[in-house]
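Go ahead and model the full structure; you've got the sequences and the hints to work with.
Number of protein chains: 2
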Amino acid sequence: MTQQPGTLAEIGEFGLIEAIRPLFPQGAAVEVGPGDDAAVVSVPSGRVVLSTDLLVEGRHFRRDWSSAEDIGHRAAAANMSDVNAMGGRADSAVVAFGGPADLPVAWAVDLARGIADECALVGASVVGGDVTESDAIVVSMTVLGSCAGPVVLRSGARPGDMVALCGRIGWSAAGWAVLGRGFRSPRVVVEAHRRPEPPYAAGPEAAAAGATAMIDVSDGLLADLGHVATASGVAIDVRAGAFEIAEPLQAVGAALGLDPVQFVLTGGEDHALAATFPAEVELPAGWMAIGAVAEGSGVTVDGSAYDEVPSGHQHFR
Amino acid sequence: MTQQPGTLAEIGEFGLIEAIRPLFPQGAAVEVGPGDDAAVVSVPSGRVVLSTDLLVEGRHFRRDWSSAEDIGHRAAAANMSDVNAMGGRADSAVVAFGGPADLPVAWAVDLARGIADECALVGASVVGGDVTESDAIVVSMTVLGSCAGPVVLRSGARPGDMVALCGRIGWSAAGWAVLGRGFRSPRVVVEAHRRPEPPYAAGPEAAAAGATAMIDVSDGLLADLGHVATASGVAIDVRAGAFEIAEPLQAVGAALGLDPVQFVLTGGEDHALAATFPAEVELPAGWMAIGAVAEGSGVTVDGSAYDEVPSGHQHFR
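Going down the list, the protein sequences come from chains W and G.
Under the numbering used here, the residues of the first sequence are numbered 2 to 318, in order.
Under the numbering used here, the residues of the second sequence are numbered 2 to 318, in order.
Hints are not guaranteed to be accurate.
[What the hints assert, rightly or not] Derived CB-CB ranges, DEER-like:
#1 G/E283 with W/Q4: 52 to 60 Å
#2 G/G59 with W/G304: 51 to 59 Å
#3 G/A255 with W/G47: 52 to 60 Å
#4 W/S186 with G/Q4: 47 to 55 Å
#5 W/P26 with G/L257: 42 to 50 Å
#6 G/F15 with W/A243: 43 to 51 Å
#7 W/G124 with G/G47: 48 to 56 Å
Think of the hints as simulated: they come from the structure by calculation, not from any bench.
Heads up, the beta-carbon is just placed ideally off N, CA and C, and yes, glycines get one too.
Quick look at the structure:
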């Protein structure tokens, strides 16, 4: 944790920018980094994959539940996971930040460090940003990435394809459920909520292996597979038995009187990847088959509508 | 104005996205537009100019002072002007929006229309975005642009260069001063505050003409020339007599008991361009010489420190 004293009011906008700039190393593709009207980055592939996410205090995070560094990691992960789901990898990013004048400088610096550290996982450079005053903390990030192979859309699933998953799901939702009831354990699920671990290598690997459709599991598995089914004009059936319910999820379910399968099928924000592949493809390491694509529409579990079929989280409702 | 009834709570996140998507036409460079995990755009030049801005209700705009369409125009203009100041032109953008559940759908649609209409001025495509719930309205936009010629930085001004300006300055500040005292006229300055008119052609033209440094006048002319002077390691002197004080600014000054020169020298948010050129260059149309670059540091007016030398607006202070 940063020890820098004072508040944003004391150092001002330009002081904050100076405090965080050293945290962001600039990669070889950066022609003009932070400090001018705009940044300039080279795009040797001649094509960018582009995603933006807005995180708002009280909606996406709470300062009493997550550290500033955790929130930085989550903001960067949410964006970079979207690029991952296209089969790409993040190369550069810009970050817009709003916060109150009485916010400790150390909090803002820790947020920046979390963003920088998550970006470092894939070698992405934060090349610029904007800083402004705001009552609630807002973090808006836009990531530019590139695809070495084909771009994988939501719309390419075909009847006969298998459905596969890479990465943890349900852990973040279990962590959220625990925190919402005032608990702090099991620690592993709380940590999973605070800091998701998207499988960044898995998107490009799936694209190279021939994935026909892919999506970032951010709303919940069934909801996100629903987006794939709709975009592709197909039906998707998930086998509930494909999932081994990890012990911490079982423990949370037992403690809270909930079926832990619900976390797995409907919990969002773990930023796992779900994809469809031709049935004959050998899945890349880390992927497991969880279902099949058929003619039709909608998503089922073991052939039936899921009892608590969720629409996924939707803002304003 | 849009007549669509209801609130965001009634149509939800996905309903809002469906309502605004038709407003955003997709240009030829867009390989994947809104609706997937990320957008994909082609970058034939192999280089992108990249800028982000965050506008927060109560800080950058007030709903009782500006229409939703005006705010959309301003959000897009602020970003695209930064690209303009590099000598570039915006090609594509992503928009993140946060607003309260009780916000009228029509307001959000009008905001989107303002963004779309401003982007249409330069042919930029809005290729994606994010929508979330937030107590205060926030609009965060990131623009990707390209430069046909050289990129013009803040750091290239050299002693002996002339300083030139393109576009209105002081009008937005005069409009803000009028609105802040509860008036709505002169209408032209109020309109100038609500909807700036950046000279989008002027940035690329200045780059082609050999501009050595350039900046978007968003903090105020003296403050922004100060950024150029610092980045370039030079002194800049502005001739006060170079400016013809437009009649509406004189009227506002007289009504409020202020020197209208103050609006011109320190008012921000008009998104004019200031640039330096070698002294022998013939300025492109629309540009006027306003001063000179010399050895030294800092910004002076007619050789002296400006009485009310401003540091420019700084958030948190």
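Here is how each hint holds up against the structure:
{"no.": "1", "hint": "G/E283 with W/Q4: 52 to 60 Å", "in the structure": "holds (55 Å)"}
{"no.": "2", "hint": "G/G59 with W/G304: 51 to 59 Å", "in the structure": "holds (52 Å)"}
{"no.": "3", "hint": "G/A255 with W/G47: 52 to 60 Å", "in the structure": "holds (56 Å)"}
{"no.": "4", "hint": "W/S186 with G/Q4: 47 to 55 Å", "in the structure": "holds (53 Å)"}
{"no.": "5", "hint": "W/P26 with G/L257: 42 to 50 Å", "in the structure": "holds (48 Å)"}
{"no.": "6", "hint": "G/F15 with W/A243: 43 to 51 Å", "in the structure": "violated (28 Å)"}
{"no.": "7", "hint": "W/G124 with G/G47: 48 to 56 Å", "in the structure": "violated (19 Å)"}
This entry does not satisfy hints 6 and 7, going by the numbered hints stated previously.
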